[in-house]
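A.B. asks: Top line first, the protein sequences correspond to chains D and E. Residue numbers for the first sequence, in this note's numbering: 12 to 328. Residue numbers for the second sequence, in this note's numbering: 93 to 344.
It is worth saying that the hints were derived from the structure and are not from the lab. Among the hints, erroneous ones may be present.
[Unchecked claim] With a straight-line Cα cutoff of 27 Å, these simulated DSSO-like cross-link-like pairs (lysine-lysine) come out:
| # | chain 1 | residue 1 | chain 2 | residue 2 |
| --- | --- | --- | --- | --- |
| 1 | E | K318 | D | K289 |
| 2 | D | K304 | E | K122 |
| 3 | E | K318 | D | K328 |
| 4 | D | K117 | E | K313 |
| 5 | D | K304 | E | K318 |
| 6 | D | K304 | E | K313 |
[Claimed, not checked] Quick partial rundown of chain D residues pointing at chain E, CB under 8 Å, derived from the structure:
| # | residue |
| --- | --- |
| 7 | Y92 |
| 8 | G94 |
| 9 | L123 |
| 10 | E149 |
[As the list claims (entries may be wrong)] Label-pair ranges, simulated between beta-carbon atoms:
| # | chain 1 | residue 1 | chain 2 | residue 2 | range |
| --- | --- | --- | --- | --- | --- |
| 11 | E | L260 | D | E197 | 21 to 31 Å |
| 12 | E | K323 | D | S221 | 18 to 28 Å |
| 13 | E | R242 | D | A42 | 38 to 48 Å |
| 14 | E | D117 | D | A42 | 51 to 61 Å |
| 15 | D | P43 | E | R274 | 49 to 59 Å |
| 16 | E | A119 | D | E95 | 38 to 48 Å |
| 17 | D | D119 | E | S179 | 16 to 26 Å |
| 18 | E | K283 | D | T130 | 47 to 57 Å |
| 19 | D | K296 | E | R337 | 38 to 48 Å |
| 20 | D | K304 | E | D117 | 21 to 31 Å |
| 21 | E | A119 | D | K304 | 19 to 29 Å |
Beta carbons: idealized from backbone N, C-alpha and C, even for Gly.
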Amino acid sequence: MILIVAEHLDGKLSKSTYEMVQAARELKREAPVSLLVLGSGVASVASEAAKLCDQVLVADLSALAQYDAELWSAAVAQIAYEGEASLVLIGGSRSGREYSPRVAVKLDIPLLEDVVSLTDVDGGIEAERYTFLARVTERVRTEAPLVVVSIKPGAYTPAAPLAQNAEEFDVELALPERRVEVTGRESAKTERVSLSEADVVVAGGRGVGSAESFTKIVEGLADQLGAAVGATRAVVDAGWRPYAEQVGQTGKTVQPKVYWAIGISGAVQHLSGMGKSKVIIAINKDAEAPIFKIADYGIVGDVKEIVPAIIEKLRSK
Amino acid sequence: MKILAVVRQVPDAEENVRIIEGRVDLASSKLVLDTMDEYGIEEALRLRERTSEVEIVALAVGSARSEEALRTALALGSDRAILVESSEPLDVIAVSSIVAQVAQSESVNLIFCGGQQADWDSQALGAAVAERLKWPQATWVTSLTVDGDRISGKHDVDEGTETFALSLPAVITTQQGLNEPRYPTLPNIMKARKKELTRKKLIEFGTSPRVTPVGSSIQIKERLRKMLDGKDAPAAAGQLVDLLRSEARVIA
Ligand SMILES: Cc1cc2nc3c(=O)[nH]c(=O)nc-3n(C[C@H](O)[C@H](O)[C@H](O)COP(=O)(O)OP(=O)(O)OC[C@H]3O[C@@H](n4cnc5c(N)ncnc54)[C@H](O)[C@@H]3O)c2cc1C
Ligand SMILES: Nc1ncnc2c1ncn2[C@@H]1O[C@H](COP(=O)(O)O)[C@@H](O)[C@H]1O
């Protein structure tokens, strides 16, 4: 079987789960596709998953109410082993990239990390992934009979639901004790579409000037376009925006249809998180800013004048 | 307390990357200690400044040029260094076996490792090492307090941040925000040349990669690079919106 670990939030499957299902389908293997749902109170997630695959495996346990790398990797390794999986797909989210190596070590199998394409080749599997701060595309290959793969969010188009509902099975897990105690959390949830799933991202940098100005300019344009909001590290460090909005090497990787870079210089660490966007629009007062090198459309000017004018123009359509 | 700081020598972020015959060629690239690893060295140094009895061992697994990263780690204040030299590309799961073996033979109880390495863009090393040692880990840590064998801190998670607590031994992966790394001073760079650097051979660790590179390429997406002058803001905004509607077709 191909085992896919479902990513979900607030009782719904994440877009990344649909993308992983697509990755599995494109391999065109005979093997059934199983979705593993881990969590607590996940009945709605499981029934949504049933529309996507051949079999849903559910572990609905209070012990799984909160993600933990050791618990998740133990659960996934056990199910992959018992189900004689030939491939394990895990989301390339921060958590997925944290527990997938543990699964690989537990099962003594190779890890293909954050892959953007996966193909069966004679006697093995080949994958493409980005390296050198996403400047290089590397092709790697492994011959192992079982491989764990994390799939980069946004790399695949989301799979369409099937006509038939798959059967759901409860699984029994032998879980270890939780050793990392979570003592507090700050979630940065907004009413907006989530950054990693958005088709349009409006991101602001230090050039926006202040937190207040960010709300007015960047959020203003995002509201107008129904877009998600992103930020540079400089903006997050300055405390203008929450970390969850950071795009780049140490933040989120996004690959939207349209990326607006407002007052962003275009440092390599930022580019590595957004450089694969389909259309890039940049507004910066410095004509030499590196962001213009990768922009499709650029305006050299003051964001405080240009962006309100764009919002105005969009409104008066 | 004995700390293992894992370091890596990577191309400077501003360096252009070249590919020769399907492989990234770094022969003429400027390489530096990965910034992500600097935070681990710095945090180890600060722990030693606060507590006595802290020994810091820097470890690099990689090409002969990794010695430069170790010399920097020593100049910054690490006590000793170990280089496991490998001319072959190793995958991250293979490297984790080497790191775990060194951690065991050195009897360390805290490992620092960069959150992501700027060459292979992997985030897996810290967690893979933790699993091999059966230790807990915290990744993407931005603040850290060590009190006896209890560690608490703050780190980044999928949606936001969390504070956490765990007991040593453990693996911590580091990133920007954890601290402000210091620079090596000239006298310390000189002194570092005399510090102990042990070389070990890959063969001593009995590990081999199971993921093989097939080829690398640089695909730079052609960008339109249409530039508009924004001196007249309403005019520029109008032009842009028109282009996005009729040419790019990304707004209705
Ligand atoms: C290990 C490491 C990891 C990192 N990870 C990330 C990451 O994940 N994400 C990230 O973003 N960065 C990251 N960085 C930081 C990165 O190197 C840059 O410092 C950061 O991206 C700069 O953010 P910025 O573009 O907002 O600010 P700046 O570089 O200060 O750029 C501001 C821009 O705004 C323009 N500007 C100013 N005023 C105006 C105005 N009124 N109108 C129009 N334009 C104006 C300026 O011309 C300038 O180009 C990382 C760095 C390191 C070392
Ligand atoms: N079209 C592009 N898409 C993504 N990144 C790019 C593009 N063009 C250049 N870059 C990156 O932008 C930085 C500066 O590029 P340059 O100075 O043009 O070589 C380098 O890190 C390049 O890899």
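A.B. asks: Against this structure, judge whether each hint is valid.
C.D. replies: Here is how each hint holds up against the structure:
Taken as a hint, the K318/E and K289/D pair is honoured in the structure, with Cα atoms around 15 Å apart against an allowance of 27 Å. For the suggested pair K304/D and K122/E, the alpha carbons sit about 23 Å apart, so the restraint of at most 27 Å is met. Of the pairs offered as hints, the one joining K318/E and K328/D holds, with about 23 Å between alpha carbons and a cut-off of 27 Å not exceeded. At roughly 39 Å between alpha-carbon atoms, K117/D and K313/E are farther apart than 27 Å, so this suggested pair is violated.
Our distance criterion of 27 Å between C-alpha atoms is met by K304/D and K318/E, whose separation comes to about 10 Å. Taken as a hint, the K304/D and K313/E pair is honoured in the structure, with Cα atoms around 11 Å apart against an allowance of 27 Å. Violation of the interface hint for Y92/D is found here, the shortest Cβ-Cβ separation to chain E being roughly 15 Å, above the 8 Å cut-off. The closest approach between the C-beta of G94/D and any C-beta of chain E is roughly 21 Å, which is over the 8 Å cut-off, so the hint fails.
A cut of 8 Å between beta carbons decides the hint on L123/D: the least distance to chain E is about 7 Å, and the hint holds. Taking 8 Å as the C-beta cut-off, the interface hint given for E149/D holds, the closest approach to chain E being about 5 Å. The hint said 21 to 31 Å for the Cβ distance between L260/E and E197/D, and at roughly 26 Å that hint holds. Distance hint check for K323/E and S221/D: the Cβ-Cβ separation is about 23 Å, which falls inside the suggested range of 18 to 28 Å.
Between R242/E and A42/D, the C-beta spacing of about 45 Å keeps the proposed range 38 to 48 Å intact. The given range of 51 to 61 Å is broken by D117/E and A42/D, whose C-beta atoms sit roughly 39 Å from each other. In this structure the supplied range 49 to 59 Å holds for P43/D paired with R274/E, their Cβ-Cβ distance being about 55 Å. Between A119/E and E95/D the beta carbons are some 45 Å apart, a value that agrees with the proposed interval 38 to 48 Å.
The hinted range of 16 to 26 Å is satisfied by D119/D and S179/E, whose Cβ atoms lie roughly 25 Å apart. Between K283/E and T130/D the beta carbon distance is about 52 Å. The supplied range of 47 to 57 Å therefore holds. In this structure the supplied range 38 to 48 Å is violated for K296/D paired with R337/E, their Cβ-Cβ distance being about 25 Å. Between K304/D and D117/E the beta carbons are some 23 Å apart, a value that agrees with the proposed interval 21 to 31 Å.
Roughly 26 Å separates the CB atoms of A119/E and K304/D, a value that falls within the hinted 19 to 29 Å.
When the structure is compared with the earlier hints, violations turn up for hints 4, 7, 8, 14, 19 and for no others.
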